[in-house]
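A.B. asks: The chain contents come next:
2 protein chains.
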Amino acid sequence: MLYRPNPPISFTGAVLDRADHIRADADKLAELMNWRARLLRLDGLDPVIGDDGALVWGTLADAGEHDELVFLGLDESGRACFAPVSPANKGNPGPANPRLWGAMASLPAGDLATYGGARALVDWHARHRFCARCGYTTKLGKGGWQRKCVNMDCKAEHFPRVDPVTIMSVEWEGNLLLGRQPRFPAKRYSALAGFVEPGESIEEAVAREVHEEAGVRVRDVRYVACQPWPFPSSLMIGCHAYADDPAITIDKTELEDARWFTRDEVVYAMEALKTGAEDGAFIAPPPFAVAHHLLKWWIEQ
Amino acid sequence: MLYRPNPPISFTGAVLDRADHIRADADKLAELMNWRARLLRLDGLDPVIGDDGALVWGTLADAGEHDELVFLGLDESGRACFAPVSPANKGNPGPANPRLWGAMASLPAGDLATYGGARALVDWHARHRFCARCGYTTKLGKGGWQRKCVNMDCKAEHFPRVDPVTIMSVEWEGNLLLGRQPRFPAKRYSALAGFVEPGESIEEAVAREVHEEAGVRVRDVRYVACQPWPFPSSLMIGCHAYADDPAITIDKTELEDARWFTRDEVVYAMEALKTGAEDGAFIAPPPFAVAHHLLKWWIEQ
Chain A
1 MLYRPNPPIS FTGAVLDRAD HIRADADKLA ELMNWRARLL RLDGLDPVIG DDGALVWGTL
61 ADAGEHDELV FLGLDESGRA CFAPVSPANK GNPGPANPRL WGAMASLPAG DLATYGGARA
121 LVDWHARHRF CARCGYTTKL GKGGWQRKCV NMDCKAEHFP RVDPVTIMSV EWEGNLLLGR
181 QPRFPAKRYS ALAGFVEPGE SIEEAVAREV HEEAGVRVRD VRYVACQPWP FPSSLMIGCH
241 AYADDPAITI DKTELEDARW FTRDEVVYAM EALKTGAEDG AFIAPPPFAV AHHLLKWWIE
301 Q
Chain B
1 MLYRPNPPIS FTGAVLDRAD HIRADADKLA ELMNWRARLL RLDGLDPVIG DDGALVWGTL
61 ADAGEHDELV FLGLDESGRA CFAPVSPANK GNPGPANPRL WGAMASLPAG DLATYGGARA
121 LVDWHARHRF CARCGYTTKL GKGGWQRKCV NMDCKAEHFP RVDPVTIMSV EWEGNLLLGR
181 QPRFPAKRYS ALAGFVEPGE SIEEAVAREV HEEAGVRVRD VRYVACQPWP FPSSLMIGCH
241 AYADDPAITI DKTELEDARW FTRDEVVYAM EALKTGAEDG AFIAPPPFAV AHHLLKWWIE
301 Q
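Which chain is which? The protein sequence lines are A and B, in order. For the first sequence, the UniProt record's numbering begins at 1 and goes up steadily by one. For the second sequence, the UniProt record's numbering begins at 1 and goes up steadily by one.
These are computed hints drawn from the structure, not numbers from a lab. Note that this is a predicted model, so its numbers are computed, not measured. Among the hints, a few may not be true.
[Unchecked claim] Some but not every residue of chain B turned toward chain A, in silico, with C-beta under 8 Å:
id: 1; residue: Arg-18
id: 2; residue: Pro-95
id: 3; residue: Gly-135
id: 4; residue: Asp-163
id: 5; residue: Val-196
id: 6; residue: Phe-231
[Stated by the list, open to error] Think about it this way: if two alpha-carbon atoms lie no more than 27 Å apart in a straight line, the pair counts; the simulated BS3-like pairs of lysine-lysine are:
id: 7; chain 1: B; residue 1: Lys-155; chain 2: A; residue 2: Lys-252
id: 8; chain 1: B; residue 1: Lys-148; chain 2: A; residue 2: Lys-139
id: 9; chain 1: A; residue 1: Lys-274; chain 2: A; residue 2: Lys-187
id: 10; chain 1: A; residue 1: Lys-28; chain 2: B; residue 2: Lys-252
id: 11; chain 1: A; residue 1: Lys-155; chain 2: B; residue 2: Lys-252
id: 12; chain 1: A; residue 1: Lys-90; chain 2: B; residue 2: Lys-139
id: 13; chain 1: A; residue 1: Lys-155; chain 2: B; residue 2: Lys-139
id: 14; chain 1: A; residue 1: Lys-139; chain 2: B; residue 2: Lys-142
id: 15; chain 1: A; residue 1: Lys-252; chain 2: B; residue 2: Lys-28
id: 16; chain 1: B; residue 1: Lys-252; chain 2: A; residue 2: Lys-148
id: 17; chain 1: A; residue 1: Lys-148; chain 2: B; residue 2: Lys-155
id: 18; chain 1: B; residue 1: Lys-139; chain 2: A; residue 2: Lys-148
id: 19; chain 1: B; residue 1: Lys-155; chain 2: A; residue 2: Lys-155
id: 20; chain 1: B; residue 1: Lys-142; chain 2: A; residue 2: Lys-90
id: 21; chain 1: B; residue 1: Lys-139; chain 2: A; residue 2: Lys-139
id: 22; chain 1: B; residue 1: Lys-296; chain 2: B; residue 2: Lys-187
[Unchecked claim] From the derived model, a few chain A residues whose C-beta atoms are all more than 10 Å from chain B:
id: 23; residue: Ile-9
id: 24; residue: Arg-217
id: 25; residue: Pro-228
id: 26; residue: Ala-247
id: 27; residue: Pro-286
Where is the CB? At the ideal position from N, CA and C, for every residue including glycine.
Isolated chain A (complex conformation):
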């Protein structure tokens, strides 16, 4: 059964046409950089949100003299949409900040998808101005979907990163394994997660992470749903797995706690996000996180 979240998972549901064929076409790209083109307004890496609750756009005239422009795609009217990479922008490889959580909850789905992609790209450019191969400077290429080394002996091409992360609901006899990181709000528990490493499959990464963080062995890993998560460039791959032995050994460098919750506790915690009840066993992950959908999917099974 395919999981069809409704509403769609946050940061998915793109409304721009990425028009990939235009990126390498310098003439076409120049032609699209006209007075109709739209420039996404950013406050550093944060979105600028208008009185109507939507993203604010300007024109290319709003770009700084030394800004590099990333081509995000075409909107439904065929206008080219860009995001600015300001020389002052130093990027931020850190996690989402609480101020952004409001934006994630309130922005229209299409706007959030546009912002997520733009943020990941602008952040990548800001943190990749030099060539990792030779140390020379790089310049933006292919409409912002590449950086190219200006050293003619190198000419290395660099591409934006997307870092696959596994995040998993783990089940043992009708109970669900959830953990909390020290930086979580009080009582919040969520699905365990970790980066997929070179040389391993998604299923192997799930098994390794659950064992590393909680000392639990899992089997029958299956894919449930995914979410691009631009803090800074993750692709959250949501999976489900089963455990045969509930004994937990917590890796305290990663997690503050990890526990099994009953189905009733999970159901109550998910309902409590709507009712505002504060007396549950834990506080569930918010609707804009893929972990929320993993819990929702699990309850519905």
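Assemble chain B onto chain A, guided by the hints.
C.D. replies: Positioned in the frame of chain A, the structure of chain B alone reads:
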């Protein structure tokens, strides 16, 4: 239904314990760099294969004076396993070479998994000796799972890349859409594929790639299986999707051809890989490619 390939998909089935907790423990790591430790022999980025058909290992005494060492993990005897990053190694972001195809077909599964992870890491180090943020040199950290900028005003941390790629079987009324790239051997057709970009889900990437490359719209994307593919650092995410309209428009910058094949043609082509028959409608992707497993899975449905 979970797909359980037998034998497992190439490059999966790791036999080393990654022992992640050791990476950041400099004392423990130094202790493991003893006379029992094993050093993977590499010819540039290619594997060195012994008369027994397995990977060849040496000791740390075989490392070059200026080699950096990547900690791959612990073997079943608790010996630490390393791979060398030689200063002469310039890395290679290109695709697999025909000489490697033999190794992929012949190496024991565990060895191939070890080699794949090691190659991706060594290649990444070789191509990331400088800081993308400031241009200074970087040095290996966390046992080779990080590079850190030596510029004390920067100190940026860089991590090995894993690039998620979607690869998909697309079905229309019992037929399968396959394409061929100009660099393929004669008559070879395989599943379409493309990188997941910042700001999109796996399902969105599948739909975008199939439309870009073949002009076909798909629905009901589902995950089937995945494979780490170290040329240079891909995570191949195999999916299946359905099309309602068979009209094809080929993007000639990406594909030489794309066609629908009947179920019988796919079954024959997969059998022909074993029998050596050359009169099929096309030559199927080889067993070490995840595309092969997508076709196998589809036939078995």
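A.B. asks: Hints first: check each against the structure and report whether it holds.
C.D. replies: Structure-based check of each hint:
1. Taken as an interface hint, Arg-18 (chain B) checks out: its beta carbon lies about 6 Å from the nearest beta carbon of chain A, inside 8 Å.
2. For Pro-95 (chain B), the interface hint is violated, the least distance from its beta-carbon to any beta-carbon of chain A being 15 Å, above 8 Å.
3. Residue-level restraint check for Gly-135 (chain B) holds (minimum Cβ-Cβ distance to chain A is 4 Å; threshold 8 Å).
4. Checking Asp-163 (chain B) against chain A by beta carbon gives a least distance of about 7 Å; that is within 8 Å, so the hint holds.
5. Taking 8 Å as the C-beta contact cut-off toward chain A, the hint placing Val-196 (chain B) at the interface holds, the least distance being around 5 Å.
6. Residue-level restraint check for Phe-231 (chain B) is violated (minimum Cβ-Cβ distance to chain A is 12 Å; threshold 8 Å).
7. Distance check on the hinted pair: Lys-155 (chain B) and Lys-252 (chain A) sit about 25 Å apart at the alpha-carbon level, within 27 Å; holds.
8. Restraint check for Lys-148 (chain B) and Lys-139 (chain A): satisfied, since their Cα atoms lie roughly 23 Å apart, inside the 27 Å limit.
9. Under the criterion of a C-alpha separation no larger than 27 Å, the hint pairing Lys-274 (chain A) with Lys-187 (chain A) is consistent with the structure, at around 16 Å.
10. Only pairs whose Cα atoms come within 27 Å are accepted, and Lys-28 (chain A) paired with Lys-252 (chain B) is accepted, the gap being roughly 18 Å.
11. Between Lys-155 (chain A) and Lys-252 (chain B) the CA atoms are separated by roughly 25 Å; this keeps the pair inside 27 Å, and the hint holds.
12. Distance restraint check for Lys-90 (chain A) and Lys-139 (chain B): the Cα-Cα separation of roughly 22 Å lies within the 27 Å cut-off, and the hinted pair is therefore satisfied.
13. Taken as a hint, the Lys-155 (chain A) and Lys-139 (chain B) pair is honoured in the structure, with Cα atoms around 22 Å apart against an allowance of 27 Å.
14. For a cut-off of 27 Å, the pair hint linking Lys-139 (chain A) to Lys-142 (chain B) is broken: about 30 Å separates their Cα positions.
15. Between Lys-252 (chain A) and Lys-28 (chain B) the alpha-carbon distance is near 18 Å, which keeps this suggested pair within the 27 Å criterion.
16. At roughly 24 Å between alpha-carbon atoms, Lys-252 (chain B) and Lys-148 (chain A) fall within 27 Å of each other, so this suggested pair holds.
17. Only pairs whose Cα atoms come within 27 Å are accepted, and Lys-148 (chain A) paired with Lys-155 (chain B) is accepted, the gap being roughly 23 Å.
18. Only pairs whose Cα atoms come within 27 Å are accepted, and Lys-139 (chain B) paired with Lys-148 (chain A) is accepted, the gap being roughly 23 Å.
19. For the hint linking Lys-155 (chain B) to Lys-155 (chain A), the alpha-carbon distance of about 25 Å falls within 27 Å, and the restraint holds.
20. A threshold of 27 Å between alpha carbons decides the hint, and for Lys-142 (chain B) with Lys-90 (chain A) the separation of about 25 Å falls inside it, so the pair holds.
21. For the hint linking Lys-139 (chain B) to Lys-139 (chain A), the alpha-carbon distance of about 24 Å falls within 27 Å, and the restraint holds.
22. Taking the CA atoms of Lys-296 (chain B) and Lys-187 (chain B), the gap is near 19 Å; set against the 27 Å cutoff, the hint holds.
23. With a cut of 10 Å on Cβ distances, Ile-9 (chain A) falls inside the contact zone with chain B, its closest approach being about 7 Å.
24. In this structure Arg-217 (chain A) is separated from chain B by more than 10 Å, as the shortest Cβ-Cβ distance comes to about 13 Å.
25. Listed as a non-interface residue, Pro-228 (chain A) fails to keep its Cβ farther than 10 Å from every Cβ of chain B; the least gap is roughly 5 Å.
26. With a least beta-carbon separation of about 18 Å from chain B, Ala-247 (chain A) lies farther than 10 Å from that chain, consistent with its non-interface assignment.
27. Every CB of chain B is more than 10 Å from the CB of Pro-286 (chain A) (nearest about 18 Å), matching its label as outside the interface.
The structure does not agree with the numbered hints 2, 6, 14, 23 and 25 stated previously, though it agrees with the rest.
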